[in-house]
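Let chain B serve as the given structure and place chain F on it in line with the hints.
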Amino acid sequence: MISVSQLSVSFGAIHALTGVSFDAANGKITAILGANGAGKTTLLRTITGLEEAASGDITLDGESLLKKRTEDIARAGVGHVPEGRGVIAEFTVLENLRLGSLAAKVNFQEGIAEQFELFPVLGERRHQHAATLSGGERQMLAMARALIAKPTVLLLDEPSLGLAPLVTAEMMATISELCAKQNLTVLLVEQNAKSALKVAHDAVVLHLGKVVASASAQEVAGDERLRQYYLGLAEQ
Amino acid sequence: MTWLSSGFMSDVFLGITNGVLYGLIALSLVIVWRSTSILNFAQGAMAMFAAYVGMTMSSHGLNFWACFAIAIAAGFALGGLTERVLVRPLYKRPEINSIVVMVGFLGLLESAAAAIWSTAPRTLESPFSQIYFQHHGSTILLSPFALFQIIAALVIMTAVGAIFRYTNLGLQLRAAALAPEVARLLGVRVNRLLTFGWMLSSAAGVVAAVVISSSGSIGLSPTIMDGFFVFGFIAAAVGGLESPLGAVVAGLMIGLVQQFLQDYAPSGISSFAPVIILVVALMIRPQGLFSTTKARRV
Chain B
1 MISVSQLSVS FGAIHALTGV SFDAANGKIT AILGANGAGK TTLLRTITGL
51 EEAASGDITL DGESLLKKRT EDIARAGVGH VPEGRGVIAE FTVLENLRLG
101 SLAAKVNFQE GIAEQFELFP VLGERRHQHA ATLSGGERQM LAMARALIAK
151 PTVLLLDEPS LGLAPLVTAE MMATISELCA KQNLTVLLVE QNAKSALKVA
201 HDAVVLHLGK VVASASAQEV AGDERLRQYY LGLAEQ
Chain F
1001 MTWLSSGFMS DVFLGITNGV LYGLIALSLV IVWRSTSILN FAQGAMAMFA
1051 AYVGMTMSSH GLNFWACFAI AIAAGFALGG LTERVLVRPL YKRPEINSIV
1101 VMVGFLGLLE SAAAAIWSTA PRTLESPFSQ IYFQHHGSTI LLSPFALFQI
1151 IAALVIMTAV GAIFRYTNLG LQLRAAALAP EVARLLGVRV NRLLTFGWML
1201 SSAAGVVAAV VISSSGSIGL SPTIMDGFFV FGFIAAAVGG LESPLGAVVA
1251 GLMIGLVQQF LQDYAPSGIS SFAPVIILVV ALMIRPQGLF STTKARRV
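Each protein sequence line maps, in turn, to chains B and F. Residue 1 is where the first sequence starts when you use the numbering used here, and the numbers rise one by one after that. Residue 1001 is where the second sequence starts when you use the numbering used here, and the numbers rise one by one after that.
Where hints are given, some of them may not hold.
Here are the simulated lysine-lysine pairs, BS3-like style, with alpha carbons at most 27 Å apart [as the list claims (entries may be wrong)]: (1) B:K181 - B:K150; (2) B:K198 - B:K181; (3) B:K28 - B:K67; (4) F:K1092 - B:K67; (5) F:K1092 - B:K68; (6) B:K198 - B:K68.
Think of the hints as simulated: they come from the structure by calculation, not from any bench.
Isolated chain B, as found in the complex (with noise of 0.2 Å):
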């Protein structure tokens, strides 16, 4: 179980995040809501690392996260799909991939095999450059890396961004799927909060850096207040 407990980060005199708290549970997806400048991207890179807390802790099955580096948290299994996806523009389908095993000392030729059979597109482009693909499928390989890794905690920033709302439901399914069968658990940044609700469990909602709500996805998305003010959803 990843725990957030008061955590605080700043960027100098800014309060990107304050006392923020919420337990994501072992296998559920929680969905990370809120609008532009909330600090949903600041908690993620926190969690793996890429920023420095004030304050407060993160701990994995009671493991702290913050006295270690971002390829040690990777090593120890949290996979993060930053936003943008990340993937390596210069880097073939094959050798993105390769460079998520490694580290993780997987079986490369099982994994791509898994991961080609998830994400088929894959498969059939595994020798272009990850520079020529669309954005739906740089969004499939950047998760397709994490996944190859084998994590047990993947973080997924924004990965509807940019996408059609056709490609969104589908890469939706896909997290719910690999959820549930992988028993992973996903913390899921979105703006587009519809849809997220629509495949999380649990929800904490940020607003301008400290946790408005966290409750189950259901609670969430029947709160009128919540939907009205915070995610920029229109009345049920």
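Only chain F this time, still in chain B's reference frame:
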């Protein structure tokens, strides 16, 4: 006279012999640039210093190959130490800081070498003859030593290229250079790889310095690598600072053009040739002839 001893082939042999050295130095610069975006102005001086360390061992009775191996080991160590101590604090600083530090380090190494080993050129005796080959009574401007020089450089270039292209280590090195944050998120130990990149680059440069120190006509002195560094730097810029292949090809091109101009152009022109090549190449393709920087999208 055979075609091998013709004026044209003589220029080809001499051009390649010098060109591989420029290519090696350019390759060293490219390795460091690709991994850390730093222009290592002390590259030549580091190679010189490590070559001196190897050469010192010859006075203790060690043969050429043992001295060569020690020089390369010293190059590895110096490269690693430089990255950890001098370069790492510069990564998040303005570029001018690294330029100033590396130029200062160049001066420091040259002064230290002069103080320790004096400024008089020294030669490391190689097992290869420097007498030109004879063929049917004609002289071919290629010696066993020059052949060794070309083969050694090509072996290093191929090995470095193969490491980057075909190995997991190379894949991680490239990832660490292209997208360090993404590489870290995938568990790649980026800092270690950056240190290794500097070690590899430094050792590649040492091969050039040892070859130069074994050349009877030149020998090793504290500032001997300065001229070679300039041509190597031009080769790296012409080839594209991100392209190992470009570095090698441009190094060979500069060596060949320089040699042909020396024979066929008015006297003195060949000295300017590399600079003219640089200006023309950068006017045509500012990112370097082989660079793919423009195509990069992340």
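Hints, one by one, checked against the model:
{"no.": "1", "hint": "B:K181 - B:K150", "in the structure": "12 Å, holds"}
{"no.": "2", "hint": "B:K198 - B:K181", "in the structure": "18 Å, holds"}
{"no.": "3", "hint": "B:K28 - B:K67", "in the structure": "26 Å, holds"}
{"no.": "4", "hint": "F:K1092 - B:K67", "in the structure": "21 Å, holds"}
{"no.": "5", "hint": "F:K1092 - B:K68", "in the structure": "21 Å, holds"}
{"no.": "6", "hint": "B:K198 - B:K68", "in the structure": "33 Å, violated"}
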